[in-house]
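**Q** For reference, the chains in residue letters:
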Amino acid sequence: MRTVTVVGASLSGLYAARELRAQGFDGRLVVVGGESHGPYDRPPLSKDFLTGRADEDQLALTDAEETAELDADWLLGVRARALDARGRTVLLDDGRTISTDGVVIATGASARGLPGCELTGVHTLRTLDDARALRAELSAGPRQIVVIGGGFIGAETASSCAALGHDVTVVEAAPLPLVPQLGPDMAAVCAALHRRGGVDLVTGIGVAALRGTVAVTGVELADGRTLPADIVIVGIGATPTTDWLAGSTLALHDGVLCDDGCVTRLPQVVAVGDVARVGGTRAEHWTSATEQPRVAVRNLLAGHTTETVRPVPYFWSDQYGARIQFAGRRLATDTVRIAEGAIADGAPDEGGFLALYERDGRTTAVLSVDRPRPFMRARRELARGASAVEAAAATR
Amino acid sequence: MIPICRLDDLPEGESVRIDTTPPIAVFNADGELYAIDDTCTHQDASLSEGWLEGCLVECPLHAASFDLRTGQPTCLPARRAVRTHHVTVDDGVVYVHVAAQEGTAA
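Protein sequence lines correspond, in order, to chains A and B. Just so you know, UniProt numbering puts 151 at position 151 of the first sequence, and the rest follows in order with no gaps. Just so you know, UniProt numbering puts 27 at position 27 of the second sequence, and the rest follows in order with no gaps.
Chain B extracted, bound-state conformation (with noise of 0.2 Å):
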């Protein structure tokens, strides 16, 4: 479990970037929570810069997008999901329970 933010600091519609191996990103989508592994299956590029909406994040760099609640990519070019992770809030701080490494969702 790690402790990421305060909720205050991750408004609707913003994400943050957490430098773990490998990264995750945390994702506060019209108030639900997501977190997912930051770099894109497709090419290296951080998903937590790219474009929210609904629970959709499209890349920045080539457009693949993926479903914030199952990891799945929803069209080309990527091809695999990414893994998803467990996300809570305790007492105002966001917490991501990291998925073990195998297995795509949590």
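Next up, chain A with everything else stripped away, as it sits in the complex (with noise of 0.2 Å):
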């Protein structure tokens, strides 16, 4: 391969950049950034950006060195347009085309967005763009806020929309937040963590239109209530940036269709992070992104599947003063039981607990609630469970 592509410059773009340097690979590397930023970190975006205590200096994932060790060609900026049928050609936004070898996608996912979005006062919070003029209209003073969606996004903007002092309402149209992640038990316990940062959460009730003509001035609720706002956070989810492949012969439904080895149809065409469904699954996870760019590197300079990834998803959310974490994949079907520490008053107590899945006697996931330490070991020992089955399924 003399050229590769790599179609976005965020976390899993710049992880597979730095794969293809360091499996050798020393052709010509081209990175189409849709945003006009370099790689950057999105978790702080709703936590310690928002509140103040970070800024944008510490949210770069790369430097001025490591950027030069990697000699790409960085189009930032710009978005691509579309790859042709073969995956030999991608065209830029500006008319530009590349001819590549081999092209990694990682164009993520974009902000779900609402009826009545462009109203001002109402927010998404996917971008560092999308942050900046989030915190500048929370520096205005105290403000009436509704955050639409009780998810991780919804959660931690709520949580320091409310450190900052704001006046906080979450609207979650399921009965719980959560429970695709966590399971309804544990669902409730976490939502419990909404009342110890005083926001109040509205469940089981869905949003019938933003209010307002110019500025949002409220949320109407399904049941007819409208809660003031002069802030709306949209924190519904987002959706895989694949609109640029329809032309191309790339299967897609939610996502890249890849197999274990995010390796596409094409074999010179492999997908990684938010965009990339592999062997079935499409994880929005931090990890998830920087994990697969190793694989599917490999399996693109081989010219086929050599390697798959397989990991014990993990996922991590701060909110209200409390660190959730959680790994591994739990059935509905699976039970809970706390292992250590407690819940009281169905939340999570002073020095938080630890919950374990299982089924059949086997620890299938681990949550926890400011208790690292144990999680760490728990995980461990699922990362371990996890590979002692797949080298038995190999020898059978």
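It is possible that some hints are incorrect.
What the hints assert, rightly or not - Below, computed lysine to aspartate or glutamate pairings styled on DMTMM-like, alpha-carbon distance capped at 25 Å:
#	chain 1	residue 1	chain 2	residue 2
1	A	Lys-47	A	Asp-349
2	A	Lys-47	B	Glu-58
3	A	Lys-47	A	Asp-370
4	A	Lys-47	A	Asp-200
5	A	Lys-47	A	Glu-284
6	A	Lys-47	B	Asp-44
7	A	Lys-47	A	Asp-57
8	A	Lys-47	B	Asp-19
9	A	Lys-47	A	Asp-129
Stated by the list, open to error - Per the computed footprint, the stretches of chain A lying under chain B, defined by three or more beta-carbons under 8 Å from a beta-carbon of chain B, are:
#	region
10	42-48
11	286-293
12	371-379
Please keep in mind that the hints were generated in silico from the structure rather than gathered at the bench. Backbone N, C-alpha and C define an ideal beta-carbon position, used for all residues, glycine too.
With the hints in hand, could you dock these two chains into one complex?
**A** This is the structure:
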């Protein structure tokens, strides 16, 4: 391969570029980024960046020294518009084309919106520009804020807004937030954290409309109530950025379909990060975005799938002064028990707790609130168990 | 020089966090004592809660790893070193000699 193009200049795109060089690719490396910023870390955007504890320079994922070593052509502030049917040409929004021998798709996902999103005071939180805009508004004195969506982005943003002294209400359409991730019992415990932060949580009710003519004035709920608001934050998930691949021959269905080795239908095209549906699963996890590129690049350079990625999924969330960590693959039928610490009054006790999800006497997943050490031990055991299962399957 | 704890209270494989500014973590790695700045240089996480293996400690949040002898990161996502601090034991008590603010190694 003489040229490899990485489409996407965020976490997984940068990791892919690093892996290409680390694995000996010495040809032309092109990195295309839709945002004008160099690679930066998104998790702090809803937390320390929003509260002002971290600034932009602390978000940078790379520096001048590493950038020089990578020796890549960075095309930032321009989006890819198309990939040709053979996967050999990337067409850019500004009309340029890149002839390439290999492609790493790392275009991520974009925040889902709602009708009325164009009103002043309505925000999503996905990019640095989103976070800058919201941070500026939050610094203009106490506001009435409604956060739509009680998932991780919603909860973290609500927590940050409350910490800044704003009046915050979270609206969640489901009976409880985070049930798909944590199961009903633990989701209820984590939902109680909102109380700790003095945030109202309204559940089981959808949003009918955003109110306002120029600036937003409130959120109308499905039961006819209207919650007054000067700021509305829409945190209802993200859609994988695949529209530019419509004319390619790649299989698309909630992401770019890949085998277990991140390889698409075309062997010289691989996909990583939030946009990739790897072996049937699309994980919007930071850790997946850092783990997949090593395997994806190996397979890209080999020309076929020689290695697969089956990590134990892991994510974390910081909200209301608590650190939530989860690892594993749970099923709805798994039982859950508190292995350490306690739950008091339906909420995590002062010292946090460690919960184990179990199936047939085997641990399938682990959840921790403020118990990083035992969590790490349990997570490692899960990883060891997973590789033992895999080794057994391979010898069968 | 800050007294930390009795050596008996810091067995092999254990660590302790001191609430200095910035906080410091002291480790007993297979009988050798090391002290480093406790906060991971990548993001806010306590390395004293990390996974100790030989002379390396792995951050409990994103698995960055640091060499306790030098403070240098051995893998991503950390890119900057943590400060290291000199540790002594006197009459069964562990002491940390805090390094100067600037510079990376004591």
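**Q** All hints are to be evaluated individually against the structure, with a verdict given for each.
**A** Verification of the supplied hints:
Of the supplied pair hints, the one linking Lys-47 of chain A and Asp-349 of chain A holds, its CA atoms being roughly 22 Å apart against a limit of 25 Å. Between Lys-47 of chain A and Glu-58 of chain B, the direct Cα distance comes to roughly 23 Å. Compliance with the 25 Å bound is thereby established for this hinted pair. Of the pairs offered as hints, the one joining Lys-47 of chain A and Asp-370 of chain A holds, with about 17 Å between alpha carbons and a cut-off of 25 Å not exceeded. Between the alpha carbons of Lys-47 of chain A and Asp-200 of chain A the distance comes to roughly 19 Å, so the proposed pair stays at or under 25 Å and holds.
Proposed proximity of Lys-47 of chain A and Glu-284 of chain A is supported: the alpha carbons are some 18 Å apart, at most 25 Å. Taken as a hint, the Lys-47 of chain A and Asp-44 of chain B pair is honoured in the structure, with Cα atoms around 11 Å apart against an allowance of 25 Å. Distance hint between Lys-47 of chain A and Asp-57 of chain A is fulfilled; the C-alpha atoms sit about 15 Å from each other, no more than 25 Å. At roughly 23 Å between alpha-carbon atoms, Lys-47 of chain A and Asp-19 of chain B fall within 25 Å of each other, so this suggested pair holds.
The straight-line distance between the Cα atoms of Lys-47 of chain A and Asp-129 of chain A is roughly 15 Å, inside the 25 Å bound, and the hint therefore holds. Closer than 8 Å: that is the beta-carbon criterion, and the region 42-48 of chain A has 3 residues meeting it against chain B, so the requirement of 3 holds. Counting residues of the region 286-293 of chain A whose CB falls under 8 Å from any CB of chain B gives 3; the rule of at least 3 is met. Against chain B, the region 371-379 of chain A contributes 5 residues with a C-beta closer than 8 Å to a partner C-beta. That satisfies the three-residue criterion, and the hint holds.
When each numbered hint is compared with the structure, no violation occurs for any of them.
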